[in-house]
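Below, each chain spelled out in residue letters.
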Amino acid sequence: MEYTLKDTPALETQTLEVSLGPQHPSTHGVFRMNVTLDGETILKLKPVMGYLHRNHEKLAENMSWLGSMPYTDRLDYICSMTNNFAYALAVEKLAGLQVPERAQYIRVIMAELTRLVNHTLLIGFLLNDLGAFFTPVLYAFREREKILDLFEAVAGSRMMCNYFRFGGVKVDVTSDFIPRVRQIINKYPKFLDEFEKLLSENEILMARCQNVGVLPKELAINAGISGPMLRASGVPYDVRKVDGYSIYNRFKFRVPIGEKGDVYDRYYIRILEMRESINILDQAIKEIPDGEFITKEGGVGARSPRNFKPPKGEAYGRIEAPKGELGFYLVSDGTMKPYRYHVRAPSFINLTVLEDMCLGQKVADAIIILGSIDIVLGEVDR
Amino acid sequence: MKTLEEIKKDIESCYSDATVTVEGTSLVVPKERWLEVAKFLRTHPEYSLDYLSSVTGVDYKEYLEVVYHLYSIEKKEGPLAVKVRTDRQKGLVPSVTPFWRSAEFQEREAYDLVGIHFEGHPDLRRILMWDEFQYHPMRKDYVQEDQDRPEKEF
Numbered sequence: 004m005e006y007t008l009k010d011t012p013a014l015e016t017q018t019l020e021v022s023l024g025p026q027h028p029s030t031h032g033v034f035r036m037n038v039t040l041d042g043e044t045i046l047k048l049k050p051v052m053g054y055l056h057r058n059h060e061k062l063a064e065n066m067s068w069l070g071s072m073p074y075t076d077r078l079d080y081i082c083s084m085t086n087n088f089a090y091a092l093a094v095e096k097l098a099g100l101q102v103p104e105r106a107q108y109i110r111v112i113m114a115e116l117t118r119l120v121n122h123t124l125l126i127g128f129l130l131n132d133l134g135a136f137f138t139p140v141l142y143a144f145r146e147r148e149k150i151l152d153l154f155e156a157v158a159g160s161r162m163m164c165n166y167f168r169f170g171g172v173k174v175d176v177t178s179d180f181i182p183r184v185r186q187i188i189n190k191y192p193k194f195l196d197e198f199e200k201l202l203s204e205n206e207i208l209m210a211r212c213q214n215v216g217v218l219p220k221e222l223a224i225n226a227g228i229s230g231p232m233l234r235a236s237g238v239p240y241d242v243r244k245v246d247g248y249s250i251y252n253r254f255k256f257r258v259p260i261g262e263k264g265d266v267y268d269r270y271y272i273r274i275l276e277m278r279e280s281i282n283i284l285d286q287a288i289k290e291i292p293d294g295e296f297i298t299k300e301g302g303v304g305a306r307s308p309r310n311f312k313p314p315k316g317e318a319y320g321r322i323e324a325p326k327g328e329l330g331f332y333l334v335s336d337g338t339m340k341p342y343r344y345h346v347r348a349p350s351f352i353n354l355t356v357l358e359d360m361c362l363g364q365k366v367a368d369a370i371i372i373l374g375s376i377d378i379v380l381g382e383v384d385r
Numbered sequence: 005m006k007t008l009e010e011i012k013k014d015i016e017s018c019y020s021d022a023t024v025t026v027e028g029t030s031l032v033v034p035k036e037r038w039l040e041v042a043k044f045l046r047t048h049p050e051y052s053l054d055y056l057s058s059v060t061g062v063d064y065k066e067y068l069e070v071v072y073h074l075y076s077i078e079k080k081e082g083p084l085a086v087k088v089r090t091d092r093q094k095g096l097v098p099s100v101t102p103f104w105r106s107a108e109f110q111e112r113e114a115y116d117l118v119g120i121h122f123e124g125h126p127d128l129r130r131i132l133m134w135d136e137f138q139y140h141p142m143r144k145d146y147v148q149e150d151q152d153r154p155e156k157e158f
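Chains as they are written, first to last, in this note's numbering: chain A, 4 to 385; chain B, 5 to 158.
Simulated from the structure, these hints should not be mistaken for lab results. Just so you know, even glycine gets a beta-carbon here, dropped at the ideal spot from N, CA and C. Warning: the hint list may mix true and false statements.
[Stated by the list, open to error] Here are the simulated lysine to any residue pairs, SDA-like style, with alpha carbons at most 25 Å apart: (1) K49/A to P98/B; (2) K80/B to F137/A; (3) K87/B to V245/A; (4) K79/B to K315/A; (5) K193/A to N225/A; (6) K289/A to N252/A; (7) K61/A to E81/B; (8) K263/A to E69/B; (9) K79/B to L151/A; (10) K263/A to K80/B; (11) K61/A to E69/B; (12) K80/B to K61/A; (13) K94/B to E50/B; (14) K315/A to K94/B; (15) K94/B to L151/A; (16) K80/B to Y342/A; (17) K47/A to L8/B; (18) K87/B to E136/B; (19) K144/B to N225/A; (20) K244/A to P49/B; (21) K244/A to E50/B; (22) K43/B to E9/B; (23) K220/A to L275/A; (24) K244/A to S76/B; (25) K43/B to K65/B; (26) K79/B to Y248/A; (27) K315/A to E50/B; (28) K49/A to R92/B; (29) K49/A to W134/B; (30) K96/A to D127/B; (31) K315/A to D127/B; (32) K190/A to F137/A.
[Unchecked claim] Per the computed footprint, the stretches of chain A lying under chain B, defined by three or more beta-carbons under 8 Å from a beta-carbon of chain B, are: (33) 79-88; (34) 329-336.
[Unchecked claim] Cβ pair distances, simulated, as ranges: (35) Y146/B to E290/A: 42 to 52 Å; (36) I250/A to D127/B: 38 to 48 Å; (37) T23/B to M162/A: 20 to 30 Å; (38) L62/A to T7/B: 34 to 44 Å.
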């Protein structure tokens, strides 16, 4: 007798609820995804966060303006320099402080070096999520180490730099700083070529990443997505270009954009952005002038924080951090503590669309989609 | 970008009975009219503020305030700061999540930490504190759990 599929009795199936995390290496920290699965396909995904919450904002409201500068290091602990940058920028806006030329250049150099660190590490960890366990990360760490050594020489700390001050930076850079940056940027393109040779056209990486976790342009804008994720979806929006904060309008650089907005685009956009960062660094170390590294007014704020009282008012300062738009909304009532201190964290808001990107995908893809968003839980939970 | 006074005029010519005021660098919108004004700012071709960057809840002791920072990606303009005020007891403010998805998590955060209830939010739950937590820690009258720890004096 002929036997077809039609004759088999319908199998009774049911959905399965899985809690991915909070303690799992693939979630990049203590983060949980409550997933409803049909077989391996994701039907529903609810992110659960707050495991690392320490109310950063309340802490900052109970201490002096400068007192929370070291705390901003701990938001996105990979990129402490850019966190400092955003906070310093917002306070300077509030208090109307000017930043001397040399300090502006030092700031830009630090911010772009941080971008190199962040994007290199992200690609390493994304490959971890894809199953290339720790080999790409070791290549990434090797390069990151060189930049962290430089941070240590200048700021005294590798990760928690606490280097920016209102109206400038804490100390001037060491005399061998510029040659060392030059050395790094001379070698970096070669490293990127090597990285790309291993990864960009890798068959497994392409099979796993292309057309996975697609984020349409309209949704990306509507959901307030920022940074490389927004640009990977094809929106040429970079705060460095749009606001031209600090001295970014002096540098020539391009804003790479993606086509589809899938995981592969988000991977590749970061490689391209690193190449542009090297471009900016190259221009910055050629042009950096001599002079003061902090203003006189800023010096008062740095040496005796109790005297630093910004006038009454409010300010919103934002920068293009490696993970996206990092903003600080500050309200001053004229005293030595902030009345309101709010952080617009890019990792946190970029998670809004996690469910939209994962629906209909396989459960293994949820891991790389999360990896491609680039979150740091210190910033998500604050 | 137009000045705040011009924006105020534009809004009031569209919605004649809406009273929008300009305070410092921001626009204060009454909460009853906020949804209409939000729709206007979002869709009007002269503004098309399609990007809601930040939502902040602030406790000013007499009232609660929500601050929205809007940008336009299409026109590369902004920011426009819009403030909506509400009372401390109920703290009701209409949710703008239908217009800007980016408000989804940020409104949950403002509900969690400041205690502002966003009407019409699809999923208004605590996001950072645990579900059983009773208070809203970013309110100015929140009593710190550890009472032995003195507030820092300078």
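Okay, the hints, checked on the actual structure:
1. K49/A to P98/B: holds (24 Å)
2. K80/B to F137/A: violated (40 Å)
3. K87/B to V245/A: holds (24 Å)
4. K79/B to K315/A: violated (31 Å)
5. K193/A to N225/A: violated (38 Å)
6. K289/A to N252/A: Distance ~16 Å between K289/A and N252/A Cα, so the pair holds.
7. K61/A to E81/B: violated (31 Å)
8. K263/A to E69/B: Distance of about 39 Å is beyond 25 Å: violated.
9. K79/B to L151/A: The given pair, whose Cα atoms are some 38 Å apart, is violated under the 25 Å limit.
10. K263/A to K80/B: holds (22 Å)
11. K61/A to E69/B: Answer holds: K61/A to E69/B is near 17 Å, not above 25 Å.
12. K80/B to K61/A: It is violated: about 33 Å lies between the C-alpha atoms, which goes past 25 Å.
13. K94/B to E50/B: violated (35 Å)
14. K315/A to K94/B: violated (28 Å)
15. K94/B to L151/A: violated (50 Å)
16. K80/B to Y342/A: With a Cα-Cα distance of about 30 Å, the restraint between K80/B and Y342/A is violated, given a limit of 25 Å.
17. K47/A to L8/B: violated (43 Å)
18. K87/B to E136/B: Status violated; Cα separation ~30 Å.
19. K144/B to N225/A: Roughly 32 Å between the alpha carbons, so the hint for K144/B and N225/A is violated.
20. K244/A to P49/B: holds (23 Å)
21. K244/A to E50/B: At roughly 22 Å apart (the allowed maximum being 25 Å), E50/B and K244/A satisfy the hint.
22. K43/B to E9/B: Given pair K43/B, E9/B holds - Cα atoms ~19 Å apart, limit 25 Å.
23. K220/A to L275/A: holds (19 Å)
24. K244/A to S76/B: holds (14 Å)
25. K43/B to K65/B: violated (29 Å)
26. K79/B to Y248/A: At roughly 18 Å apart (the allowed maximum being 25 Å), Y248/A and K79/B satisfy the hint.
27. K315/A to E50/B: violated (32 Å)
28. K49/A to R92/B: Violated. K49/A to R92/B sits at ~30 Å, over the 25 Å cutoff.
29. K49/A to W134/B: This hinted pair holds, its Cα atoms lying about 15 Å apart.
30. K96/A to D127/B: violated (35 Å)
31. K315/A to D127/B: violated (36 Å)
32. K190/A to F137/A: Given pair K190/A, F137/A holds - Cα atoms ~22 Å apart, limit 25 Å.
33. 79-88: Violated, because only 0 residues of the region 79-88 of chain A bring their Cβ atoms closer than 8 Å to Cβ atoms of chain B.
34. 329-336: holds (count 3)
35. Y146/B to E290/A: 42 to 52 Å: holds (49 Å)
36. I250/A to D127/B: 38 to 48 Å: About 42 Å separates the Cβ atoms of I250/A and D127/B, which means 38 to 48 Å holds.
37. T23/B to M162/A: 20 to 30 Å: At 51 Å between Cβs, range violated.
38. L62/A to T7/B: 34 to 44 Å: About 37 Å separates the Cβ atoms of L62/A and T7/B, which means 34 to 44 Å holds.
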